[in-house]
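Asks: First to last, the protein sequences are chains A and B. Okay, so the first sequence: first residue is 1 according to the UniProt record's numbering, each after it adds one. Okay, so the second sequence: first residue is 1 according to the UniProt record's numbering, each after it adds one.
Treat the hints with caution; some may be incorrect.
Pairs of lysine-lysine, BS3-like flavour, derived with a Cα cap of 30 Å [what the hints assert, rightly or not]: (1) A:K615 to B:K101; (2) B:K131 to A:K339; (3) A:K261 to A:K218; (4) A:K261 to A:K737; (5) A:K615 to B:K32; (6) A:K261 to A:K307; (7) A:K271 to A:K218; (8) A:K737 to A:K711; (9) A:K42 to B:K32; (10) A:K280 to B:K32.
Since the hints were made in silico from the structure, they are not lab data. A quick note: this is a predicted structure, and the numbers were derived from the prediction, not measured.
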Amino acid sequence: MLPNNEVRVPPPRAVAQSAVPRDITAEFTEAASKLRTGQLVKDEMFTLFEAVGALEIMDSKMDSGYIAPGENLAQALEHDYDVRRDLTPEELVGLMDQLLCHEMAWHMGHPLSQTLFTSIYIDKLLWPVPRTMEDARFDRVPSENPLVGLVLRTYCLALVKACDFVHARVASEYFYEEEDFVTQLYNRNLLSAFDSSHFYRLLDQAVNWVESQEGIDKKLRDAIRSRLQLRWEFLAAVDQDLEILDTGSTDSFESCLAHLKPVTESVALGKAVPEAFSLKLQRKLASTVPPRPIVHIKQEDALAHMKRLCQDAIDMQQMLGYSSPSNFKTAVWTLLSRKPQPSVYIRSLLQALIVNGMTILGAVSVRQFLYDDLAELVLPSSILLRANTDEVELPSDPRFRIAQIMEGFVKRFAQPFVDTVRSACLNRCRVRRTICHTAVDWDNLQMEAEELDLQLQNLSAEPALQFQGGEATFSYPLSSWAYHQKLIQLRLILQMGFELSIYAPEELPGIYWYLSHICSTHLSHLDRIRTFTVAARKRDLVSSGHEESSAQRSPAYHRSFLYLERLTTHIIAIDAFAIALHALYVLLARHQILPSAGGPGAYSSDKLRYELRMKPFIPISLPELVPYEEYHREATLEGDTDATILDRASKAITEARKAWEATLANGAFIEDVSSPAKEPSIAIEEDWRRDIKDMMRACIGASIAIETVKKALLGDKPPSEENPLNLQVVIPEIGSKTQWHDWWIVPQISEKKAANPTTS
Amino acid sequence: MTQDAPSDLRYVRYDSARENEYVAAMRQLISKDLSEPYSIYVYRYFLYQWGDLCFLAMDDKDEMVGVVVSKLEPHRGGPLRGYIAMLAVREEYRGRGIATKLVRMAIDAMTERNADEIVLETEITNTAAMKLYERLGFLRSKRLHRYYLNGNSAYRLVLYLREGVGSIRTSFDPYGLPPPPPMDQSYQTPTATQGNGS
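Looking at chain B on its own, in the form it has when it is part of the complex (with noise of 0.2 Å):
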């Protein structure tokens, strides 16, 4: 994994012009990972917005054999987290270093863009994953039980760019943790997301 990507393969930024080409190929490339496939709308709310947080790699016949999808907005009045939103390699390319690469391309893009730290998120079993995150420095910050349709647990994997962003305060969490319900009476079901929420 960790030699350098081969030669025949072309890292290039997500280009809006070539969206009918681009996204019908990334949708193939990350739907076959999915149980339940993401609809064209997601793509379309990152690429819309942080298309420039998007990276491609392309083989010798400029087949997309690779893709990383990101954002960056600041996290509820706090930090300016990037996400890093999807990820995959096309399979018989795996094992060169491609996600690698292309991890560190968003990485290295929002780092240029200020951001004070990166999150995402990513299937217990999905050990490639883990490893090739925290090789790169992220650390698991908590486990999401049953976090996936699946039913899959996820970790939570955050890498911190700047000091002090732990003790950047962020506004009143809504996602976050609901208080629990009063004693006296119990008729109160707490709503369960926490998606970004820390």
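Looking at chain A on its own, in the form it has when it is part of the complex (with noise of 0.2 Å):
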């Protein structure tokens, strides 16, 4: 369906025109005139995007300032809640947990104007604008009750300054408008211009206050007061969120997970006060949209919610010591592969540690960063890094030449390499499209490195390598540690595209293929770049006279030779696991007992659907888009036997298995031996390995259904035309339970009940 929501529809084309306003009211009446009741006219500029936006006037769907016939103006548009009134302790707690449902609803990506503004409460105090502190009240005459006038006031206040903090961060980061979150705010400040010292002190007060009312039952008064406390250390912990960097700490949101224990079990002290929010508030937000429920989103929720938005924030510390590109890029990987997604505020809060002012996590600056990839991965120890225009000041001099190339590379690339980082903070369906954007992009810098690459091998008097029978070739560092960029890249849009659940059953044999394709691919140019630093380790040891400088580049050469040897077996798991998926979904297909989800009369061919699910590799030089007749000869592993696929299979699958157990024994992360023992990252490290462990109980899933299969084909009664594959085929849904990795599509294969045909 259409979307009804504006944002969804292309905006009209900016028409740069400089309007003169003249008074057309008579021009119009007589226009007007000629036509006939209902007769509709069409400007030409009139878009689906202005159609979407239109509202009916005097329709109570969509007009928000309706009023019903019966109803009059007052109570259409005024509420009767008294916001003086008195409230007993228990509507006290039952209102704060209100208010955190709204808050925890607005963070999920609900607008204000549906979660906390259609608080009586929030409204009296942000409208009309307070001035002062003093200002941000109920009402003119505040309440005499201290439950309300002190503690109930001080809860908001507390609420919306933090609501002030979130907002700002996810504002200025990069994010979707009302997909991630809703940054309206209707004309209303969320108290920016205060400071947060006053929020405490109230908050103090408050809690003082509660502790020596004796009269107040005590179970209520200390929900009262873990409820004041949550709100004093979550606006703690969302103020200053940047400081982390500087402190490391992360106090308040452990202090906040603290008191989030005792809140939760006093939610049923708790009496709600429904009537203290209303939808008329709405009418009075300066919004063009149609009038929209208030959204109700359970207690437990909201306080899971919370409670991972916590526990998030204190994990992300863990990533905060950079020790190297590949380490960072895994812990930020792991953290934001969590399921649910890390929140929109954790997300932005991210982004904005990862890279701020040109510097990486508040302690690399971004030509290091990307120097430290290039050395990890292709040049371990080269001139091409250490060439500094400061030190070499002979234009004449090579060594000038290449640190001048090198700034250029440095200007070009350090942009597109850290946002390959930073894309990772997009909710994962636009961290998917995003990369199949950034693929196109790394295609075109491939070549441009490529260019540099020339000039450089010249300057650095590169020799060059024979192969066997071949060509003299060079090395290329950069436009192959480019290529690894993409064919990272690359391999992401397959394997994303199982976790978004958007191929059909029919797709997955020849969605594995590609995937094996993509990683042997990559194997190879893994293999391409260890000969060439295998060739420049031996030439850095005969000919470097001083022993000393060969010994100090001895642990960059170590290092690069462990990066290559853990990518390669990661590499090769994923391989084998596609490969052996691959074999048993042809044999499935191929006995047609795979589900489809195309019917018989579908309108489109094979072909076709291949052009449309490969459309982000269709602009990719390198590798070449697989033409079709290939692709299917390949993919349906045609002119083979069952039995030299099935073998194909189980080979495949030992070997998965093998190499991601050797994965795990590698560990998330590259240790570093010189520098002195770092604390562990133990929750993002659990995350790594808990991922890995699935995938390796997907492996084991695997090997069941080929065994499964294998027993049907050439067991006893092998299948004929009459006598067909007597199994069923059940593929998982993303998420379920029999699915144990995202990533992994594993059947479900089990002998077909004779007697009951009832699945299918």
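Hints given; two lone chains; assemble the complex.
Replies: See the structure below:
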């Protein structure tokens, strides 16, 4: 269906023209008089965007000012809730919890107009816009009941102030309006002008007052106090949230978690006050949107959301110690792959920490980050990364030219490279879509890097390598590095497709074949890189008369070899698993037991569907898109017998299990032997291990499936025309229990029950 | 769903001469499934320009029980793209293949007019719609996060009708991914619009 939100429709092109206002009343009346009632005039410029955004006046579903017959203006616009009314402690707790629900619903992406701004108390605080803290109160004559005038008011103020910080954080980073978050404030201000010290002082006062109230039941007193304390700590946590870079402290978020516990346990004490919220407030908000219902989320969902937010923020601290680009990238990707995905606030905070003012994690320059990555992958010890125009000032010196070229490289590549890390902070759908775009950019970047490589190989007098019988070749370090980035992206496009559940069952053989194709391309590329690094190391050892400098360089080479080996192991694991699943799915398709989404009378064709599915790969020049005919041959294993394919599946799944075990043993991070031991990144590392273990579980599931098919195919009663394979296949849904890992769709295969064909 | 539609139903093309009667009926049919209705302008936008790509199913009392609304125009200077905007069948008539028949009529009409591809979005919770389109050969090309006002995500479903569509160049995508903000300053908010963009 067409989206019912104009933000989702292409906006009209801006036409640059200046309008000169003039009175057209007479012309308009005259023209209008010639129309029949109901006759339509369509302007050429009236677009879908305007059509979807248009409202019909006097339609109650669209017109927020609509007053129904029999309703008077006052009834329609005014609520009759008295904000000065007394509240029982139970009602106070209930209200605080309702407000927390609305706050979290807003964090989850719902607009303020359907959440917090339906609270009459919040409305009173923020409108008219308070000029002083004093002004920010429920009524001109404040309630004499401190439960209302002090405690509830303070709670609301601290909540709004926390929203102010969250709003500022998200709005300053890269996110999608209405998709991740709604920044619209409807002309209200979230108390951004007031210093947070006021709020802490009020919270302290309120806590002190509550503690001294012997008259209130202790349980309720504690419930109120823990809610105020939670507000104190949450405000402190989101206030100055970038300071974690300097302090490394997550104390506030940890205190939030501590207070969330008693808050959660005392929810039942509260008594909701639904009349303190009103949809009528929407009519006062500066907005053209139609009236939309109040969003109600469950209390436990709100608390769980906040708890997760705090936990994610705490665990984030573990990626702040920069040791190498690969470790950093692993930590970022692992944290952001959590299910459910970290909230938009966390993802925004992460972006700010990843890169701020051309600095990674507040510590490493973007240039250094790029150089470290080059050193790790392709240039463990190279003149290219050491050349420096400050040291060599003679323009005729090749090192001067090298430094200049590398300077240009940094300028061109730093941003796209940092973006490969940062884009993981987007929502998962956008991550994949962004990669589809950036893969094309990297295709171009690789070509640009190749130009630079050619210049550099002359300047650095790089000796050529002679492969067996082949032509002399050079290392092309920069473009090799760029190609590596691109191959990762191409693989992610395919793998995230599984996670987002976009493939039809009949596509699975082909997609797993393509995945293994990308992996094997990647593996040969890593081999090539390794060959050149080995040669460079040899040259270093032989030519270098200075024993010392060669020894100094040894750790850099060691590290690079280690990195290449880890990468290779990981990609072999993916490759082997993909080969195994490809083979398995080919058999299921061949014996017509693979479910299919497409029907017999479908439009289009396999070839057209291949073109559509591979669209992100079409513009890529290297590796070229596999032509359909070749793809079809390979993906269906044309000409191979069932026995050959079974053998292939069994061998591959065994290799995959071994390679995943080796990957797990290698660990998430490369430990730096030379630097003092750092605190282990427990939570993120645990996530990473769980992820690998889930893949291993999927591997085991796949072995069992392969065995089942083998038994049915090669058993006593091999299938024939009259007697087809007696198996049934279920493709588990993403997120279901039988789906061990989002990236590995393992079919559930069982023997068909003879008598009872109810499941299909 | 696969059996032929019962013969007591008539399938007709939208006729602008009967606008008042048809538009009111289709609005009623479509609004039932929506949390927030489309304004009359949305219907007019489609029907005035592509009324011939709108098909109706009428029962024996000449009451509307199903409708499909679509459009066809070049996509950003590239392929001729058909778009299925709305599809609805009255509840008690579902499961009889009426929606499939209507969609086929729309696709056939667009094919006759040389469409290169057909796209649409569907809520991920709407498994019936997804099954319908996938049976007809559509593939999910991407997932759209929180696409609808109720916070539900969608899938973009696409059907290519001729070879080479995937390589047709489109002009710069003004609704696609905005460039990331530069690293050294960050007060910049991307606009989230992607409509029919790729």
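Asks: Next, verify each hint and record whether it holds.
Replies: Here is what the structure says about each hint:
For a cut-off of 30 Å, the pair hint linking K615 (chain A) to K101 (chain B) stands: about 29 Å separates their Cα positions. Proposed proximity of K131 (chain B) and K339 (chain A) is supported: the alpha carbons are some 27 Å apart, at most 30 Å. For the proposed pair K261 (chain A) and K218 (chain A), the alpha carbon gap of about 17 Å is at most 30 Å, so the pair holds. As the CA atoms of K261 (chain A) and K737 (chain A) are separated by approximately 29 Å, the hinted pair is consistent with the 30 Å bound.
Pair hint K615 (chain A) plus K32 (chain B) does not hold up; C-alpha atoms about 36 Å apart against a cutoff of 30 Å. Among the hinted pairs, K261 (chain A) with K307 (chain A) is consistent with the structure: their alpha-carbon atoms are about 9 Å apart, no more than 30 Å. Taken as a hint, the K271 (chain A) and K218 (chain A) pair is honoured in the structure, with Cα atoms around 16 Å apart against an allowance of 30 Å. For the hint linking K737 (chain A) to K711 (chain A), the alpha-carbon distance of about 25 Å falls within 30 Å, and the restraint holds.
About 27 Å separates the Cα atoms of K42 (chain A) and K32 (chain B), which keeps this hinted pair within 30 Å; it holds. Restraint check for K280 (chain A) and K32 (chain B): satisfied, since their Cα atoms lie roughly 24 Å apart, inside the 30 Å limit.
The earlier numbered hint that this structure contradicts is number 5, and it is the only one.
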